[in-house]
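K.L.:
Dock chain one against chain two, each of which comes alone in its own frame, and use the hints as you go.
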Amino acid sequence: MQQKLIEISVGLLMLAGIAAVTFLALQVSARGFSQNQAGYNVAAFFTNAAGLTDKAKVSLAGVTIGRVESIEIIPATMKAKVAMKINSDVNYLSNDSTAVIQTSGVLGEKYVAIYPGSADESLEPGAEIHDTQSSMIFEDMIGKLVTNLAAQD
Amino acid sequence: MQQIARMGRMGIAFTQSLGQSALLLWMALTAPPDRMSREFRRLVTQLYFIGVNSVLIVMLSGLFIGMVLALQGHTVLSRFGAVEALGQLVSLTLLRELGPVVAGLLYAGRAGSAITAELGFMKATEQLSALEMMGVDPLAHVLRPRFLAGLISMPILAQIFNAIAIISAWVVSTELLGIDSGSFWANMQQVVDFREDVVNGMIKALVFGIVITWVALYQGYTAAPNTEGINRSTTRSVVISSLSVLALDFILTALMFGD
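Quick mapping for you: the protein sequence lines, in order, are chains A and B.
FYI, the working numbering numbers position 32 of the first sequence as 17, with every residue one higher than the one before it.
One gets the working numbering by counting positions in the second sequence from 1 and adding 1 to each.
No false leads were slipped in.
Simulated DEER-style distance windows between Cβ atoms:
id	chain 1	residue 1	chain 2	residue 2	range
1	A	Q87	B	L19	51 to 61 Å
2	A	A104	B	T94	45 to 55 Å
3	A	S55	B	S182	28 to 38 Å
4	B	L256	A	E57	20 to 30 Å
5	B	L19	A	I59	47 to 57 Å
6	A	E57	B	D138	49 to 59 Å
7	A	E94	B	R196	12 to 22 Å
In short, the hints are calculated from the structure, not lab data.
C-beta atoms are modelled at their ideal positions from N, C-alpha and C, and glycine is treated no differently.
Only chain B is shown next, with the shape it has when bound in the complex (with noise of 0.2 Å):
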C-alpha cells in the first residue's frame, strides 16, 4: 500500500512539474514584447553565452568523433571489403544521428548547466524578486532571450559539429587509411538526400535545443534559493535533458526514418 501511494505520489509531482514548466515557458514566450532592439540586443547576448561559448568544444568532440568514427568503420567494412562505402556510413551515421545527439548531450552539459545555475544563483541572491520590485518582468528579461538563443543555437551547433567531424573523417580515410578522395565523396553523395538527411537532422537538433534549454530554464528557476539547491538543480537539470535527448532521439528517429 505504502508502495502503491508513492508511485502515486511520484505520478503526481511529475505530471505537476511537466504542466509547472509548461506554463512556465507559455508566460515567459507571450509576455508583452519591449522594443525590438532590446529584445534583440539581449538574445544576441544569451546567443553569444550559450551559442559562441559551445562553439569550441562542439568542435573539438567533432574533429575526434569524424576520426574515430573513420577508424572504427574502416576496420568493419575492410573484412567485406567494401572500405569504399565508409563515405556514406560516416555521413549518414553523423547527420542522422550522433550530430544531433552528441551535439545535444554537449549543449546539456555546456550550457544547460549554465543556464540552470545562472538562473538559481539570480533566485538565491533575489535578483528575479528586485527585478519584479522594479517593475520588470523576469519571464520576458530573463528567461524568453535564453530559451530563444538555445532553440537558434542548437541546429546551427549540430552542423558545425556534422561538417567538422565529416571533413576529420575524410582528412582519417585519405591519409591514413588510404581511401581514394574521390569514391569517398562520390559515395556519400548517392546516399545522402538534403531534405530527408541533413534537414531532418536539423529538426532534430531544434527539438533537443527545445527540450533541453526549457528543461534548464525550469530546473533554474524553480531552485531551491541556497547552494545545496543550486547545486541540486544542476545536476538534475543535465540528467534529465540528457536522458530527455536520447529517448526522443529514438522516438524522432522511428517518425523520420522508421519506415
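Chain A extracted, bound-state conformation (with noise of 0.2 Å):
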C-alpha cells in the first residue's frame, strides 16, 4: 500500500512536469512552433535594414505570412538580403509584389510588409524582391522636419 502510494504520487508529479512544459510550449511560446510550418524562400533587398531582426514578421495587410529567416550584406550593392520565409499557403503573391520594412506602434518591432503588385505571375520559391523601401530611421525623419521647417521660414 505504500509503495503504491509512493508510485502514485511519483507518477503524478511526472503528469505535472509534462503539463507545465506542454503549458510553457504552447501558450507562452507559441513562436517556437509556428517557424516549422512548410513555407518557401523569397529574398528582398534593402538599402538599409536597420532595427530589423531574425524571426521578425513578415505580414500581408497586417496578418503574419512568415518570417524573416537571416540578415546579410551583400558585398557587391553593399545593400541587406533579407532572407523571408513565406508559409506555402500565401502562393498568391504577385511577383512584383513590393516590401517595406515597418514598425509596429512608435517604438515596436520592425517586421516586413509585402504590398501585392498587379502581375498576373505569382512569386515563385527563392525568388528576390528588388523593389523595396527601407527602415525609416527616426534621427533622418527628424532632420529632414527640422529642414523643411526650417525653409518655410
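P.N.:
Written as C-alpha cells, this is what we have:
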C-alpha cells in the first residue's frame, strides 16, 4: 500500500511536469512551433535594414504570413539581403510585389510588410524582390522635419 | 608566511575534496547495476522523497513570486506607458533566470539538506558500514538512486514553478491591474522562443539539480559521525550548493544568452 502510494504520487509529479512543459510550449512560446511550418524562401534587398531582426514577422495586409530567416550584407551592391520564409499556403503573391520595413507602433518591433503588385505571375520559391523601401530611421526623419520647417520660414 | 601557507592549505583541501567528490560520484554511477526492477523501485522511492515532497513549497513560491513580479513590473512599465509588455517581462525573467534559480535554491533547502542529514545519520548510526558488511554496496544502493532522482526532479520542479508563476502573474495582471488578457499572452508569445528560452531554462535546472545533489551527497557521505558533524555538514551542504547555483547561473547565462 505504502509503495503504491509512492508510485502514484511520483506518477502525478511526472504528469505535472509534462503538463507544465506543454503549457510553456503552447501558451507561452507559440513562436517556436509556427517556425516549423512549411514554406518557401523569398529574398528582398534593402538599402537599409536597421532594426530588423531574425524571426521578425512578414505580413500581408497586417496578417502574419511568414518570418525573416536571416539578414546579411551583399558586398557587391552593399545592400542588405533579407531572406524570408513565406508560408506555403500563401502562393498568390504577384511577382511585382514590394517589400517595406515598417514599425508596429511608435517604438514597437520592425517587420517586413509585403504590398501586392498587379502582375499575373506569382512569386516563385527563391524569388527576389528588388522593389523595396527601407527602414525609417528616426533621426533622419527628425532631420528632414527640421530642414523642412527651416525652409518654410 | 603563515598566511600564504594557510591559503595553500585551503587550496589543497579544496582540490582534494573536489577530486574526492568527483570520484565518489563516478563510483556511485558506475557501480554494477542491480536487477532493473529493484533499481527502478529505489529510484521511484527517492523521486518521492526528493521530488514529490518539494512540489508544494515550489508551487507556493511560484504563486507568490509570479504575483510579485507582475505587481513590480507594472510599477516600472507604467512609467513608460508600456504595461502591455508585462507578459514578456514576466515570462522571460521566469523562464531564463528566476525559475531555475529559485527552484534550485528551494530544492537545496528542502531536499539537499534532507539528503545530507539522512546520509550523515546513516553514517553516524553505522548503517552504511552495516550495508557494506552484508556485501551490499552503499554507493550503488544509497547514493545512486538519490543522485538520479535529484537530476530528474529539478527540471520538472523548475518548470512547474514557471508555469504556476506565469499563471499567477496573468491572474494579477488581468484581475488586479486591468491589463487585457489577449495582449498579455500575445506579447509573451511574440518574444518567447521554445528552444531558446524554455529548453535553455530546463538545461539550467538540470545542471543545478546535478550540482546540488552532488554537493548534498558528498557532504552527507563525509560527515563526521556525530551530532555536531551532521549539523555542520547539513549547513555546509545548503550554503555550498546555494552559492554554486548562483555562480553557475552567471556562467550559464553568459554562455546561453550572452551575445
